[in-house]
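Quick mapping for you: the protein sequence lines, in order, are chains G and X. Read in my numbering, the first sequence has 34 at position 34, and its numbers run on one by one without any break. Read in my numbering, the second sequence has 271 at position 271, and its numbers run on one by one without any break.
These are calculated hints, taken from the structure and not from any lab test. Glycine included, C-beta positions come from ideal geometry on N, C-alpha and C. Check each hint, because a few of them may be wrong.
For the chain X half of the interface with chain G, some residues (derived, Cβ under 10 Å), not all of them [unchecked claim]: (1) T40; (2) L42; (3) S102.
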Amino acid sequence: MINFENFSFYYKRKNPIYTDLNLSIKPGKIYGLLGRNGAGKSTLLNNICGLNSPTTGKVTVKNRTPSERSPYFLRDIYIIPDEVYIPAIAPKRFVRIYAPFYPKFSLSEFQEYLSILDVPETRKLNNLSFGQQKKFIIAFALACNTSTLIMDEPTNGLDIPSKGLFRKLISSLSSEEKTLVISTHQVRDLDDLIDYILIVNNGHFVLAKDVKEISKKVVFKFYQEEPVGKNVIQVETVPGGFLVMHENEQEPETRVNIEQLFNACIVKPEVIEQIFKP
Amino acid sequence: MYSKAGSHRTNFQALIVMEQVFEFGRFKLLTQRIVSERGTKLFGSILFIIFCMILFLGIGYIKPSVYETARTFFVTIGLFLGPIAYTWVLSSEYQTNSQSISFLMLPSSTFEKWLAHTIIGIGLYYSTFLGFFRLLDLFFVKAIHTKYDSTGISYLVKDLEIQSFDSLLLYGPFLLGIITSLTILIGTLYFKKNSLVYSLLSVLLLGLGTVIYHFFIINLNLEGNIPMDGRSAIPFYRVLISDSSDSARDYIIGSKYSITSILSAICIPIICALTLAYYYAIKEKEL
C-alpha cells in the first residue's frame, strides 16, 4: 500500500508541483499514471521510491518512509527509470551482481521474460540497442518479484512489436500483493493494461479512478454524424465520423478509450471532476 | 522473567537496527558491483600510476643525481593529481540521473555505500600507492647503493635514503590528495554539470581562504611588512617579517611544532568533516 498524506512538493516555492495531495495506491492492481510532459509524473514516482522527499506531508510505502532508503525498503521496490543505466558487462555477470540484492529474484522467470520480450543474447549489455537494454531491465525488474514495481515511461524507446510484447507480458502478471505503477505520456501504450487510471494535470489528480468505475460513468462511441442531445463530454473527428465520449445514461458499458479520456481531462478538467465527484 | 524477555526483545531490535546499517553480505555485494563495473578503469589507473612510478624512479636509477628530484616530483603527482583521475572514475556513479538512480536504489544502506566508496576511493588508492612506492623506493635506493658500492665514488650517493612517510614532500600532497578526493566525491553529488571543475575550484577556494585567513590574523596581531613566501603561507607555521627601517634585517617567528604536525592539525579535522559530509551527501541525495 502506498499512501500520500497531505503531500506537497516543490523545487521552488513559487512553483509548487503538488499541493496537499491525498492518495492511496493499493496492491494487486496496475496503476497508470498519465500526464503531459513535465506534469510531475516522475516527481511523484521519485517520491514513492525515496529519490525525492516531500516538502510537506508524508509518503509511506508499506508503512515505511521511502526517503530513509533503508535496505529492507529498497529490496522490495524496483524502479525502471525513463533512461536506464546499463553497465558495460555481460548479462550473466549483471545477474550475478544485482540479483542477490533481491531475495525473491527468480532466474527461471528472468529467462522466460527475456524470451517473451525477445531480447537477443549478447556478450556485453552495452552492445544492445536502447530499446533492447530497456527490455532487459524490464525482464530483470519483473524477475526481482518486488512487491512494488515502478515504471517511468517504460515504452519510450521500444519499437511497435516490442510495445505489444511489453503489454502482453505485463497483462499476464497478476498478483494480489504486487503494486505496479506505470507512468507514461504515450497513453495508447497502456490500452487494456491498467486497472486504475491516475491523470495528473497542474499538480493535482483530475481523475483517480478504477477503469471499471470509469466505464460505468462514461461511454466511448463512434458516430457517423456528430451526436446532438447527449451529455457529450468530448468529440474527436476521425475518418468517417466522430469518436464521442459522453456520460453513461444507463447504456451498456464500453471499452475505455484512454487517449480520449486523457484529452478530456486536460481540456475539460472541471467537467471530468464533476462527473467523478465522490 | 519479564525483564529478561524485555531485554531479549531489546537486543533483537538492536540487532535489526544494526543489520539495517551494516551487513557484511550486502557490503560484499556492493563492493563486487563497483569492482565489476568500474574495476577495469580503477585498477587501470592504479597500474598506470605504478608504471609511471617505475619510470620516474628508473630514470633516477639511471641518473642517481636526479633520483630525489624525480621521486619528489612523482610523489607530488601521484598523491595529489593521481587521485583526481581515480576518484573521478569512481564518482561516475552520480554523473547521470540513471546512474544515480541505479546506485541510490541498490538495496544496501547509506553507510555501506559510503564505506565502499571511502575504502575503494581513498583507502585502496593510497594503500596501493604508498605500498608500491615504499617497495620500489627501497628497491631502487638499494640498487643505486649496490651500483656505486663497487666504484670509488660511492660517497656521491651515501646520503641517499628512502623517502620517509612523514616528510613534508610526501605528507603534504597525501593530505591534500585526500581532501581533493573527498571534495570530488561530494561535488559529484551536488553539482550536476562540470562537477569536477566546481569540486577542484572548491578545494582551491578552501586553500585560498585558509591562507587569506592566516595572513589576516597575522596582520591583525603583528606589525611590520609580512611578505608572502611559500612556507609562511602554511598557516600557523612561521611568519617572516621584514623590517622596513633595516632592509638587511628579517625576522622569522616560527612555531614550536613541526610542519607536519601543523598540517595534520589543520588537514585531519577537514578530512574528518569531509568524510562525514560525504556520508550525509549520499543520505540526503535527491534527484
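Check your understanding: Can you name, in rising order, the numbers of the hints this structure does not satisfy?
Key -> 2
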